[in-house]
Amino acid sequence: MIAIVDYGAGNLKSVEKAFDYLGANVVVTSEPEKVAAAGKIVLPGVGHFSALGALVNMGLREAVLHGARAGKPLLGICLGMQWLFEGSDEAPELVGAGIFAGRCRPFPSSVKSPHVGWNSLTIRGGSRLLRNVASESFVYFTHSFQAPMVSGTAAATEYGVPFSAVVEKENIFGVQFHPEKSWNVGLLMLRNFCELDS
Amino acid sequence: MLTKRIIACLDMDGGRVVKGVQFVNLRDAGDPAECAAAHARDGADEIVLLDITATSDKRKTMLDVVSRTARSLFVPITVGGGIRELSDAADVFEAGADKIAINSAAVKDPSLIEKIAARFGSQAVVVAIDARRVNNSSIKDGCEVFVAGGRTPAGRDAIQWAREAAARGAGEILLTSMDRDGTKSGFDCELTQRVADAVSIPVIASGGAGTPQHFIDVFRAGHADAALAASIFHFGLENIGQLKLQLRAANVPVRWPC
Numbered sequence: 001m002i003a004i005v006d007y008g009a010g011n012l013k014s015v016e017k018a019f020d021y022l023g024a025n026v027v028v029t030s031e032p033e034k035v036a037a038a039g040k041i042v043l044p045g046v047g048h049f050s051a052l053g054a055l056v057n058m059g060l061r062e063a064v065l066h067g068a069r070a071g072k073p074l075l076g077i078c079l080g081m082q083w084l085f086e087g088s089d090e091a092p093e094l095v096g097a098g099i100f101a102g103r104c105r106p107f108p109s110s111v112k113s114p115h116v117g118w119n120s121l122t123i124r125g126g127s128r129l130l131r132n133v134a135s136e137s138f139v140y141f142t143h144s145f146q147a148p149m150v151s152g153t154a155a156a157t158e159y160g161v162p163f164s165a166v167v168e169k170e171n172i173f174g175v176q177f178h179p180e181k182s183w184n185v186g187l188l189m190l191r192n193f194c195e196l197d198s
Numbered sequence: 001m002l003t004k005r006i007i008a009c010l011d012m013d014g015g016r017v018v019k020g021v022q023f024v025n026l027r028d029a030g031d032p033a034e035c036a037a038a039h040a041r042d043g044a045d046e047i048v049l050l051d052i053t054a055t056s057d058k059r060k061t062m063l064d065v066v067s068r069t070a071r072s073l074f075v076p077i078t079v080g081g082g083i084r085e086l087s088d089a090a091d092v093f094e095a096g097a098d099k100i101a102i103n104s105a106a107v108k109d110p111s112l113i114e115k116i117a118a119r120f121g122s123q124a125v126v127v128a129i130d131a132r133r134v135n136n137s138s139i140k141d142g143c144e145v146f147v148a149g150g151r152t153p154a155g156r157d158a159i160q161w162a163r164e165a166a167a168r169g170a171g172e173i174l175l176t177s178m179d180r181d182g183t184k185s186g187f188d189c190e191l192t193q194r195v196a197d198a199v200s201i202p203v204i205a206s207g208g209a210g211t212p213q214h215f216i217d218v219f220r221a222g223h224a225d226a227a228l229a230a231s232i233f234h235f236g237l238e239n240i241g242q243l244k245l246q247l248r249a250a251n252v253p254v255r256w257p258c
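Residue numbers (our numbering), protein chains in the order written: chain A, 1 to 198; chain B, 1 to 258.
Quick caveat, the hints were computed from the structure, so don't treat them as lab data. Even glycine gets a Cβ: it sits at the ideal position worked out from N, Cα and C. None of the hints are false.
Here are the simulated DSSO-like cross-link-like pairs (lysine-lysine), alpha carbons at most 30 Å apart as the crow flies:
| # | chain 1 | residue 1 | chain 2 | residue 2 |
| --- | --- | --- | --- | --- |
| 1 | A | LYS17 | A | LYS34 |
| 2 | B | LYS108 | A | LYS112 |
| 3 | A | LYS112 | B | LYS115 |
Okay, the calculated bits of chain B under chain A, using three or more residues with CB under 8 Å as the criterion:
| # | stretch |
| --- | --- |
| 4 | 1-9 |
| 5 | 68-78 |
| 6 | 121-135 |
| 7 | 200-208 |
When you get a sec, could you build the whole thing from the sequences and use the hints?
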């Protein structure tokens, strides 16, 4: 069972639909107990970084982190990926999971923000999430803040600056783009996630 | 590199596609779900479903059509037409849309942009602007916003309205030149460039696509981030993939292969 964590930020329908299409057993839930009971956890999210504050209020932060510490595969999407870092300048008071070092920052003023559309991935080898995904594949982004390049960066994208498009560390995965909206390339990544051992 | 997007628009009336393309290999060429899937397979970067009579007929968008179309479509899908309040938008998102497009309702009540953006994020809010060049001293930039499917002048300047929409939290502007719409004589590059340069959010150009060169022009001279067409296959091209190959040959960055 894959738990898609619903903390009230935006529209989770597309993420659920993609996992349904792949035949995965998913539940969209805002209950910490259901997150704790799941074999895998997906933390989606669109909108403002401050929305992630609801994770604490709803008791979900601990449930997600506990599952991650227990070795369950965790996939953060968009805001959910940014939360895996220490924080974001978008809502400085909010503490991220700190699994990856550094903070998310706005794009430089030399480019339009938000970064919307299909951009390419430069893939470093060895990623389990990106198994069989070709380097320079295109995926769909929509975001105003970007995560820094870190040792766990599995794929980088360039928009004004190079930033982390995919991060990966043992059982923890994060994607800045929307795999559920990235056509066959995105579905391949979600399938790779489904096929990981719980 | 961030690519220029090619967006296929399906104009719907009564839940059927009314304009556009004669696909081969479709059981039902008027079915939005089948048409959207065919466009996506051919390389469309996004799909827009527009219920073109929803506002004038006071009907709600066909939620079941949205749901059926979105079910197995793994590119972004935007739905417009008949969204008048936050609850309408919520219904459309619940049916599976990734973004909503609002036009008349946003002009009538601009705070609707803020309300939807606050709940679903700016990335989910596309403000559609139908603009026409006018000779009217009260419209200082010479391009006026029209509402209700282009039937009613709104008395507002298009560039100023685009700025306001962006400031209120719109994630993208879908700019349709009514002068060019349906003419196949090319996008209004000058208008597109003025709007694109006036806002920091992406601008989708619409209205007038007739040849691959028109797309090249609106990306280069018009500074558009994306271009939308409904009758996109009526150029003597077989599909969007062929359009993208021509764009690539002209050094316009596009998502290819898809």
